[in-house]
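There are 2 protein chains.
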Amino acid sequence: MAEEIESLEKVLEEHIPQEKLSEVKRILFGSRALDLELPSEVTDLASKHDFEVKAFKMGAADEQLRPPRIVRVGLVQNKIVLPTSAPIQEQRDALHQRIGQIVEAAYHANVNIICFQETWTIPFAFCTREKLPWCEMAESAEDGPTVVLCQEWAKKYNMVIISPILERDSSRGDILQNTAVVISNTGNVLGKSSKNHIPRVGDFNESTYYIEGNTGHRVFETQFGRIAINICYGRHHPLNWHMFGMNGAEIVFNPSATVGALSEPMWPIEARNAAIANTYFTAAINRVGTEHFDHEFTSGDGKPAHKDFGHFYGSSYMAAPDGSRTPGLSRTRDGLLVTEMNLNLIRQIKDKWCFQMTGRYEMYAKELTEAASPGFKPNIIKEN
Amino acid sequence: MAEEIESLEKVLEEHIPQEKLSEVKRILFGSRALDLELPSEVTDLASKHDFEVKAFKMGAADEQLRPPRIVRVGLVQNKIVLPTSAPIQEQRDALHQRIGQIVEAAYHANVNIICFQETWTIPFAFCTREKLPWCEMAESAEDGPTVVLCQEWAKKYNMVIISPILERDSSRGDILQNTAVVISNTGNVLGKSSKNHIPRVGDFNESTYYIEGNTGHRVFETQFGRIAINICYGRHHPLNWHMFGMNGAEIVFNPSATVGALSEPMWPIEARNAAIANTYFTAAINRVGTEHFDHEFTSGDGKPAHKDFGHFYGSSYMAAPDGSRTPGLSRTRDGLLVTEMNLNLIRQIKDKWCFQMTGRYEMYAKELTEAASPGFKPNIIKEN
Numbered sequence: 001m002a003e004e005i006e007s008l009e010k011v012l013e014e015h016i017p018q019e020k021l022s023e024v025k026r027i028l029f030g031s032r033a034l035d036l037e038l039p040s041e042v043t044d045l046a047s048k049h050d051f052e053v054k055a056f057k058m059g060a061a062d063e064q065l066r067p068p069r070i071v072r073v074g075l076v077q078n079k080i081v082l083p084t085s086a087p088i089q090e091q092r093d094a095l096h097q098r099i100g101q102i103v104e105a106a107y108h109a110n111v112n113i114i115c116f117q118e119t120w121t122i123p124f125a126f127c128t129r130e131k132l133p134w135c136e137m138a139e140s141a142e143d144g145p146t147v148v149l150c151q152e153w154a155k156k157y158n159m160v161i162i163s164p165i166l167e168r169d170s171s172r173g174d175i176l177q178n179t180a181v182v183i184s185n186t187g188n189v190l191g192k193s194s195k196n197h198i199p200r201v202g203d204f205n206e207s208t209y210y211i212e213g214n215t216g217h218r219v220f221e222t223q224f225g226r227i228a229i230n231i232c233y234g235r236h237h238p239l240n241w242h243m244f245g246m247n248g249a250e251i252v253f254n255p256s257a258t259v260g261a262l263s264e265p266m267w268p269i270e271a272r273n274a275a276i277a278n279t280y281f282t283a284a285i286n287r288v289g290t291e292h293f294d295h296e297f298t299s300g301d302g303k304p305a306h307k308d309f310g311h312f313y314g315s316s317y318m319a320a321p322d323g324s325r326t327p328g329l330s331r332t333r334d335g336l337l338v339t340e341m342n343l344n345l346i347r348q349i350k351d352k353w354c355f356q357m358t359g360r361y362e363m364y365a366k367e368l369t370e371a372a373s374p375g376f377k378p379n380i381i382k383e384n
Numbered sequence: 001m002a003e004e005i006e007s008l009e010k011v012l013e014e015h016i017p018q019e020k021l022s023e024v025k026r027i028l029f030g031s032r033a034l035d036l037e038l039p040s041e042v043t044d045l046a047s048k049h050d051f052e053v054k055a056f057k058m059g060a061a062d063e064q065l066r067p068p069r070i071v072r073v074g075l076v077q078n079k080i081v082l083p084t085s086a087p088i089q090e091q092r093d094a095l096h097q098r099i100g101q102i103v104e105a106a107y108h109a110n111v112n113i114i115c116f117q118e119t120w121t122i123p124f125a126f127c128t129r130e131k132l133p134w135c136e137m138a139e140s141a142e143d144g145p146t147v148v149l150c151q152e153w154a155k156k157y158n159m160v161i162i163s164p165i166l167e168r169d170s171s172r173g174d175i176l177q178n179t180a181v182v183i184s185n186t187g188n189v190l191g192k193s194s195k196n197h198i199p200r201v202g203d204f205n206e207s208t209y210y211i212e213g214n215t216g217h218r219v220f221e222t223q224f225g226r227i228a229i230n231i232c233y234g235r236h237h238p239l240n241w242h243m244f245g246m247n248g249a250e251i252v253f254n255p256s257a258t259v260g261a262l263s264e265p266m267w268p269i270e271a272r273n274a275a276i277a278n279t280y281f282t283a284a285i286n287r288v289g290t291e292h293f294d295h296e297f298t299s300g301d302g303k304p305a306h307k308d309f310g311h312f313y314g315s316s317y318m319a320a321p322d323g324s325r326t327p328g329l330s331r332t333r334d335g336l337l338v339t340e341m342n343l344n345l346i347r348q349i350k351d352k353w354c355f356q357m358t359g360r361y362e363m364y365a366k367e368l369t370e371a372a373s374p375g376f377k378p379n380i381i382k383e384n
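Quick mapping for you: the protein sequence lines, in order, are chains A and B.
In this text, residue positions in the first sequence follow the UniProt record's numbering: the first is 1, and each later residue adds one.
In this text, residue positions in the second sequence follow the UniProt record's numbering: the first is 1, and each later residue adds one.
Because the hints were derived from the structure by calculation, they are not lab data.
Just so you know, not all the hints are guaranteed correct.
Since the list gives no way to pick one copy over another, a pair counts as held whenever it fits inside one copy or between any two copies.
[Unchecked claim] Below 25 Å or equal to it, Euclidean Cα-Cα: the simulated DSS-like pairs (lysine-lysine) are: (1) LYS303 with LYS350; (2) LYS155 with LYS382; (3) LYS10 with LYS48; (4) LYS366 with LYS377; (5) LYS307 with LYS352.
Just chain A, with the same shape it has in the complex:
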């Protein structure tokens, strides 16, 4: 198998001549994201612990009546640490330790809000369709070991933490959910938000494990801005993004786990489109690496059984409401993406592009209600 290329951005920078590179980048990425310099503690930690750090800032125009609303967001992508055959307690501990290293670097980068990848405390074992030991790794979203650890970090580093886990909800008959826990920088659990749409695609047999969330489209007001979480497959559903926007979100995080052959050409499109259409910032986070399992499994594609289902291609990025985006993290390495943004850009772009004002939502509420009703007849015009 060919070696994975490290990143699209790196290929462009290596080969396209300077005089054309800036125009190519403008067309591909917009021009708002500028390089941001970080303290040497950050790069030292990254080098010591072998992960990538990239940092950008996205400004906004000065206003007379509002001061700038500057916030730094950190996105974390990582491989699993131990083999999937290790005792699950050790697997989780190793992940806790690994992410602790990256969170410390984020602290030195003055990150205010950090988000980890989907179900970050477990390997992405849904392809196996086996229940043990993976279901054992689910945790309480109120006081599970991962929540407790994140509370410590949040308080120590004065950081809002979004921690996407596989949740065991004992208040609802011990069911499983795919849930992001939001921990305030005070260390308090602010609440949780569960995945609204579940894939039934290839190896992503996730409806085998958990059910659609019942937390709707809540938005969390933090000291650093109003945030919401649209987990993984929910990024394919524009209505999902839309309702987070109508509830006032300023930054919507999309912690994900997805592989190259399946989704890579869609990856740069969907979270970025959501930032444009809903006039907020979005954060697309994908895990990295290839995960091997002890027992073989099939993928519903007519091919022989195998023990891994492909390369998680990382490429985490942030998108701004004006359609620009940051370059992505690597396709192959653990990484921390730091983005400083001025949230005033949101209202400035709303006033410029007027998508909310021209949205005709009453019309769509009516049309969608009709279309979702049994007996709906599509509006199709035929030649007589």
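For chain A, the structure is supplied; the task is to place chain B on it using the hints.
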């Protein structure tokens, strides 16, 4: 001012080494669009009349119970022909003649459905905010001169034609609308579809000229597939794309007119996202060139008055429901993009990705109805 680069694709092909180029293209464009060979009549006409032709095919898996549903779609992008100061009758006649040359080539390329750019019979004069002579160029969507000409072409070439015009609707108090007329390959007018969302952005002062459409989200069933039209600024509204999908559209056309400084980084994102999210094909069409006006105008950006408002960057493309897309037409030249597709891909991707099945539309109908009501309170969670 620097010269416009001809196209992103050309820069990539010129500079990125072969061994990396296919991987770069896969990440950027997906891998479904393959080169399609055209008869020499087409390339001869393109060379004679100085326009670009590109052609691709997008296949689908063979099925046992359905034969392939092959259709060829043509997209046309063009500059205006005469100066905007020429008599308007001559300006329109020149555009009719120019597009006639491209339609003839499309016929030789076996195109079944063709779509022209937004308000293709006029310069994009909305920046001027002047009423005469531009409003004079509006036409009936039933029997205006452009409709009559398109009916001739449709019948002669056995081609469905989508003709976006500035419409004068005498049945509604002589109002103006931004309307696409759909002409069947029999030569009959199948109907019309008007722009649902109107920009109030910078030079696109279009609400000065016409009002939101009242034709909803109708879909036209033609001999070659079910089509719909989402005009220009409607591409920023995911609900708009969504309702065309719920009404059964298989190909949604987005005839547009937009300039580089404003929207170019958004352009590859929005129509392509719509193809993914709604599991249909989309066609993004933009005009080309810089249009100069006799009288100066301002652009609401604090800058001095001027006589043009920037470069329409073409770059028309087609996107498929699996997230892949064709390369774009040029940023600088008139062009015809021919894409052959197998519409069976749509149901195959619906069955693979299951977006419709997992869409939870009843929930969104309820949430959207609440959010669109006066007195709606966003669902915001705060720390106690």
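(request) Sort out which numbered hints this structure fails and list those numbers smallest first. (result) Violated hints: none at all, because every hint is consistent with the structure.
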